[in-house]
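Residue numbers (the numbering used here), protein chains in the order written: chain D, 1 to 74; chain X, 1 to 196.
Don't take each hint at face value.
Chain D residues, not near chain X, derived (Cβ > 12 Å throughout) [stated by the list, open to error]:
(1) VAL23
(2) LYS54
(3) ARG59
If you anchor each label on the Cβ, the simulated ranges turn out as follows [unchecked claim]:
(4) D/ALA50 with X/ARG93: 42 to 52 Å
(5) D/VAL30 with X/THR11: 31 to 41 Å
(6) X/VAL81 with D/HIS67: 58 to 68 Å
(7) D/GLU53 with X/VAL91: 20 to 30 Å
No lab work stands behind these hints, which were simulated from the structure alone.
Remember, predicted model here, so these are calculated numbers, not experimental data.
We put the beta carbon where it would ideally sit given N, CA and C, even for glycine.
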Amino acid sequence: MQQLSSINKAVDSRDPAVGLVAVAALRDLVEELEELHVDNARALGWSWQAIAEKLGITRQSVHKKHHVRRGRKG
Amino acid sequence: MFERCDVNTATVVDAALEEARRLGHAHLGTEHLLLALLQRRDLLPEVAAQLLPPDPDVVRSALAAAADAPPQRDADLLRVVGIELDEVRSVVRATFGPEALERLGRRRVHQPWQPWRRPSRRCSSLLAGTLSVAPRVKQALEHAGRDAERRHLDAIDPGALLLGMVEVEDAMSNRLLRESGADPDQIRRALGGVGS
Numbered sequence: 001m002q003q004l005s006s007i008n009k010a011v012d013s014r015d016p017a018v019g020l021v022a023v024a025a026l027r028d029l030v031e032e033l034e035e036l037h038v039d040n041a042r043a044l045g046w047s048w049q050a051i052a053e054k055l056g057i058t059r060q061s062v063h064k065k066h067h068v069r070r071g072r073k074g
Numbered sequence: 001m002f003e004r005c006d007v008n009t010a011t012v013v014d015a016a017l018e019e020a021r022r023l024g025h026a027h028l029g030t031e032h033l034l035l036a037l038l039q040r041r042d043l044l045p046e047v048a049a050q051l052l053p054p055d056p057d058v059v060r061s062a063l064a065a066a067a068d069a070p071p072q073r074d075a076d077l078l079r080v081v082g083i084e085l086d087e088v089r090s091v092v093r094a095t096f097g098p099e100a101l102e103r104l105g106r107r108r109v110h111q112p113w114q115p116w117r118r119p120s121r122r123c124s125s126l127l128a129g130t131l132s133v134a135p136r137v138k139q140a141l142e143h144a145g146r147d148a149e150r151r152h153l154d155a156i157d158p159g160a161l162l163l164g165m166v167e168v169e170d171a172m173s174n175r176l177l178r179e180s181g182a183d184p185d186q187i188r189r190a191l192g193g194v195g196s
């Protein structure tokens, strides 16, 4: 409950300095989760095409972002 | 990076990490090393220890005044948008195992040459909760390593660490020392630093 009230307080304040930094942190978190799940899919033998379809982006985008990060090991 | 530190210096670095976490900082900087050295001045040569500001709280408030804005913890930030970081962590741990979090903590952040994008501001992992090490700390350790060699030591002792820190001219620790009434140049001379 205490947690909920602190959320409300933060949202009520509507301070862009807080909200925007929070969104940036959320974006970083999403990036990390994406890495984990893409790595998992590749480990299970998924193709880049299949991963891209599930992520709802193009194969080229997934490939560009994750293939290089993974050291081009596939 | 810290592998050349001796046992005493490792104790100081641990205390500095603790200090950084307590302050909610996402990086380990020379300011945290300084605060740690102030608490463990017993590990320093007497001549240098007595040149340090006597009261760590003076340095702490200088640090608070120097920061542009109060640092925000990742977990608090994410709570603003309704995400509980600890819950995400435990889900990830349950799905992929604890070693997945460890891997994230060790990952090298890949930065392709994309000048139109802002450089990634984060060299650490939200999920792993790791701290990145400030470039000034790396420079200080390089100086400290050279000082240890000059004194024919096998490893970096706390004295060498402090000397390394004062030798990085624009380090945050030097600024804090000056603002707390201490003189980095005097410390450098006391520790036998070259070029003083």
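Sort out which numbered hints this structure fails and list those numbers smallest first.
-> 1, 4, 6
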